[in-house]
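Visitor: Listed below, chain by chain, are the residues.
Protein chains: 2
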Amino acid sequence: MKTKPTVLKLGGSAITYKAHPQRANMRIIDRLAKEIEDAKTSRLIIVHGGGSFGHPLAKKYAINEGFHNPAQRLGFAETHEAMTVLNNLIMKALIRHNIPAVAVSPSSFILTKQGRIQELDTNIITRMQETGFVPVLYGDTVLDLEKGFAILSGDQLTARLAIELGAERIIIGVDVDGLYTADPKEDSSAKRLQRVTARELEKFHYGTKTLKVTDVTGGMHGKIIELIPAIEHGVRAVIVNAKKHDTIRKALCNERVAGTLIEKE
Amino acid sequence: MKTKPTVLKLGGSAITYKAHPQRANMRIIDRLAKEIEDAKTSRLIIVHGGGSFGHPLAKKYAINEGFHNPAQRLGFAETHEAMTVLNNLIMKALIRHNIPAVAVSPSSFILTKQGRIQELDTNIITRMQETGFVPVLYGDTVLDLEKGFAILSGDQLTARLAIELGAERIIIGVDVDGLYTADPKEDSSAKRLQRVTARELEKFHYGTKTLKVTDVTGGMHGKIIELIPAIEHGVRAVIVNAKKHDTIRKALCNERVAGTLIEKE
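Chains P and U, in that order, are what the protein sequence lines are.
Per numbering that gives the first Met the number 0, residue 0 is the first one in the first sequence, and the count goes up by one each step.
Per numbering that gives the first Met the number 0, residue 0 is the first one in the second sequence, and the count goes up by one each step.
What the hints contain is simulated information worked out from the structure, not anything from laboratory work.
Please note that the accuracy of each hint is not assured.
No distinction is drawn between identical chains; accordingly, a pair holds when it is met within one copy or between any pair of copies.
Said to hold, decoys possible - Keeping only pairs whose Cα atoms sit at most 30 angstroms apart, straight-line, the calculated DSSO-like set for lysine-lysine is:
hint	residue 1	residue 2
1	K91	K59
2	K112	K3
3	K146	K112
4	K17	K146
5	K3	K146
6	K112	K243
7	K17	K91
8	K146	K59
9	K59	K17
10	K3	K243
11	K249	K146
12	K112	K59
13	K146	K1
Only chain P is shown next, with the shape it has when bound in the complex (with noise of 0.2 angstroms):
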């Protein structure tokens, strides 16, 4: 039986400097592409976020809420330019660690409606798959059918690609240790939530007044609503921090590790 594919998705904030735009944190991102190497994990597909290479310019130029106004067109230019820049570092070191990684830009094949993916047409990535390569998606600007252009996070990307590749789980990295029920940041009493369900996850995304939307596509509170069409379809996630030493190895593993399990049921 063929093995089902893996999703991980690197955040932004776990391989970029959020307070320096346009500096990527090259020492993590050289022991997550060793992570990756080691865990030799088959059909594994890469997505990353955007972190200070893509959200300040984004929101410079208001790129997410569409297009008004003719000197918007330079701005998204100029942002998807800097989404490649930071790609290309992780291509590096991805090939750097012997992995035969391709980038697939998002914007070259994905349009979507009011913010949504419209169409997802999987059939390069799979290929790729078979033929053996590990395909690297990242959150883009992408052209919309309503609004001219938007921004595609990378956690839509995720979930939606996890979906349509029929994917067994999703690993999420980031700068935590997965979910908890206060921003771990601003909140010492907040506590992480080891497992939570789809159910919960609806509640935890109405109910939550503590988790701040920190980045254009939503920050922490972005993800998890993007991930409930994924998990609600069957997918496992896991929320685990990428900027730990061995985690996303472990994690790639199925191996125990410090994080928020995210099921159906």
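Since the structure of chain P is provided, determine the placement of chain U on it from the hints.
Guide: Below, chain U without anything else, positioned relative to chain P:
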């Protein structure tokens, strides 16, 4: 009436140092970006070649011979990555010159069959043009339905895009002044052809022994063969010297310039 698109091909020989692997000629790239800015061509599409970024790696890993050996996977990944590095240098130059240029990665949406484009969905490229963007594509490593993978030359892509998008003209910028009766770099008696027809081009193709295959995609010889379907489709093509100051601007503005005009009849 809507202007018909113009496809501008920038040859790898003009924008990279052929003798130096992965070294771009930034002086030329920056000047070309300025010329493209000054020309203000509407509905422009740019395609660039691989030069010393793509060709040496593609040759080293025999990418165009198809997938025979697991070691080629990393080679395919490396070759594509190198092409994205060259592309990024060009994108940065175009954006610096206020051109809302957006990279469209051929391997993300094009499949070939025995090295020939199988299907080309121009939906996103057309939408980019309608939104005022300048799509930029390039010769790339692509998945192939029969060979596993292949090289898609910028020349094949240029001609096919011109046909599919209903382009009026193709401007090919190379490192010589046009087509010659022999290789002008090696034969001082070589004469430039001012104008040739598709039929003459076919004879030229079969009759010329002096044109040598200098790159994995066929060099000048390959360029000519690839243009024929577009010319027969009614697209005008002009081959000019992109390394000569102001030549690409003049060609884009339909001003008189040294070169070879290729027309159907």
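Visitor: Each hint: holds or not?
Guide: Results of checking the hints against the structure:
In this homomeric assembly, K91 and K59 come within 30 angstroms of each other (Cα to Cα) both inside a single copy, at 28 angstroms, and across copies, at 18 angstroms. With identical chains, the CA atoms of K112 and K3 are at most 30 angstroms apart both within one copy (29 angstroms) and between copies (27 angstroms). Taking identical chains as interchangeable, the C-alpha atoms of K146 and K112 lie at most 30 angstroms apart only when both belong to the same chain, with a minimum of 7 angstroms there against 36 angstroms between chains. For the identical chains of this complex, K17 and K146 are intra-copy neighbours only, at 28 angstroms inside a copy versus 43 angstroms across copies, given an alpha-carbon limit of 30 angstroms.
Taking the closest pair of Cα atoms, K3 and K146 come within 30 angstroms of each other only across two copies (25 angstroms); inside a single copy the shortest separation is 35 angstroms, beyond that limit. Within a single copy, K112 and K243 get their C-alpha atoms no closer than 37 angstroms, and across copies no closer than 44 angstroms, so neither meets the 30 angstroms cut-off. For the identical chains of this complex, K17 and K91 are neighbours both inside a copy (21 angstroms) and across copies (23 angstroms), given an alpha-carbon limit of 30 angstroms. With identical chains, the CA atoms of K146 and K59 are at most 30 angstroms apart within one copy only, with a shortest distance of 17 angstroms there and 45 angstroms across copies.
Taking the closest pair of Cα atoms, K59 and K17 come within 30 angstroms of each other only inside a single copy of the chain (15 angstroms); across copies the shortest separation is 39 angstroms, beyond that limit. In this homomeric assembly, K3 and K243 come within 30 angstroms of each other (Cα to Cα) only inside a single copy, at 26 angstroms, whereas the closest approach across copies is 54 angstroms. Taking CA atoms no more than 30 angstroms apart as the test, K249 paired with K146 passes in neither setting, with 41 angstroms inside one copy and 36 angstroms between copies. In the homo-oligomer, the alpha carbons of K112 and K59 lie at most 30 angstroms apart inside one protomer (22 angstroms), although the nearest pairing across protomers, at 43 angstroms, exceeds that limit.
For the identical chains of this complex, K146 and K1 are inter-copy neighbours only, at 22 angstroms across copies versus 40 angstroms inside a copy, given an alpha-carbon limit of 30 angstroms.
The structure is inconsistent with the numbered hints 6 and 11, although it conforms to all the rest.
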